[in-house]
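Colleague: Chains A and B are the protein sequences, given in the same order. Here the numbering used here is used: the first residue of the first sequence is 2, the next is one more, and so on. Here the numbering used here is used: the first residue of the second sequence is -18, the next is one more, and so on.
None of these hints come from the bench; they were simulated from the model. None of the values given here were measured: they were computed from a predicted structure. Heads up, a few of these hints could be off.
To be verified - Residues from chain A shown here face chain B by an in silico Cβ test under 8 Å; the list is partial:
{"no.": "1", "residue": "M39"}
{"no.": "2", "residue": "H42"}
{"no.": "3", "residue": "C43"}
{"no.": "4", "residue": "L44"}
{"no.": "5", "residue": "P58"}
{"no.": "6", "residue": "H67"}
{"no.": "7", "residue": "Q71"}
{"no.": "8", "residue": "I75"}
Every residue, glycine too, gets a C-beta built ideally from N, C-alpha and C.
So the chains spell out like this:
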Amino acid sequence: MFEQPQGERAPAKGVPTLQTIKELGQMATPAGPWGEEMPFHCLTIIGQIEGHIVLPPRNKTTKYEHVIPQLVAIEQNPKIKGLLVVLNTVGGDIEAGLAIAEMLTTMTTPVVSLVLGGGHSIGAPIAVAADHSVISATATMTIHPIRLSGLVIGVPQTYEYLDKMQERVIRFIVQHSRVAEPVLREMMFRTGELVRDVGTVLVGAEAVRVGLMDEVGGVSTALTRLAQLAAQREGGPH
Amino acid sequence: MLYTVLPLEEVLEGFELDPQPTVQLSWGGIPVEAEPLGSFQARVVRVLSTDPRHYLEPHVQPGTIIHGQIV
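This is chain A alone, in the form it adopts within the complex (with noise of 0.2 Å):
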């Protein structure tokens, strides 16, 4: 643990940005005050969904035991009115990724999902687990089948495993988005769509055609919403 020094680090005053930028891959923020709370969190979800296995260093990741406790946290406090999920995920752990995707589904806190640039494989449980969920006009979804990469599947129980693992993703965004089963898995399977594999790649507003997704937008649309949400939630009896 780092002890705080005080009244130290004071950026030099007149230093252009660009300067500190150079020296030290730092940027100004604006200026303050920033104390009061602000009503809505915000969770982003980048790169490789992180669980039972440390990725080597290269890999960008969101850690399972870096968001849970995140959200057990936000749960608890009452003057956090909503959590804006932030999405631009490759995929990752199965087992972790759904984890995160059950403890957003099932807070009281509203939780609204925003998918930017990508929300591929694993993501779109936890983009389907919130209240509400935006993609915004230029993100994709990829829908493809779970499979062990460059692995030959060599006995009849590998493939019962694999299986029942895709049950659970499948069962899982069928319950919390709009997508009809059949279309789900006919668009998981689909061949000619993606180059070297089956699968669908969803952009933006297709997303929210087959179901998957609620609304196309960007950070104001989710904002309002979780507004909406947080208003919907005072409001109603608890």
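Here the structure of chain A is known, so what remains is to put chain B in place on it, guided by the hints.
Modeller: What follows is chain B alone, placed relative to chain A:
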């Protein structure tokens, strides 16, 4: 997948070097991931909070060198 005008060798320069190990610590109540620079200094790599205010605090901006004592 990269879409950039920079040549790939420039983008991936130093890729073979392993990044420095990092530690997680609380800096003035803000959880951060930092790269230790000896026993008394560390460089902030990223903020690990969901509170948007923490991302506006100048003393934990990524790249900032924090001084302290490991206790």
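Colleague: Does each hint fit the structure? Answer for all of them.
Modeller: Verification of the hints:
no. : hint : result
1   : M39  : holds (5 Å)
2   : H42  : holds (4 Å)
3   : C43  : holds (5 Å)
4   : L44  : holds (5 Å)
5   : P58  : holds (5 Å)
6   : H67  : holds (5 Å)
7   : Q71  : holds (5 Å)
8   : I75  : holds (6 Å)
The structure fails none of the hints (numbered hints given earlier).
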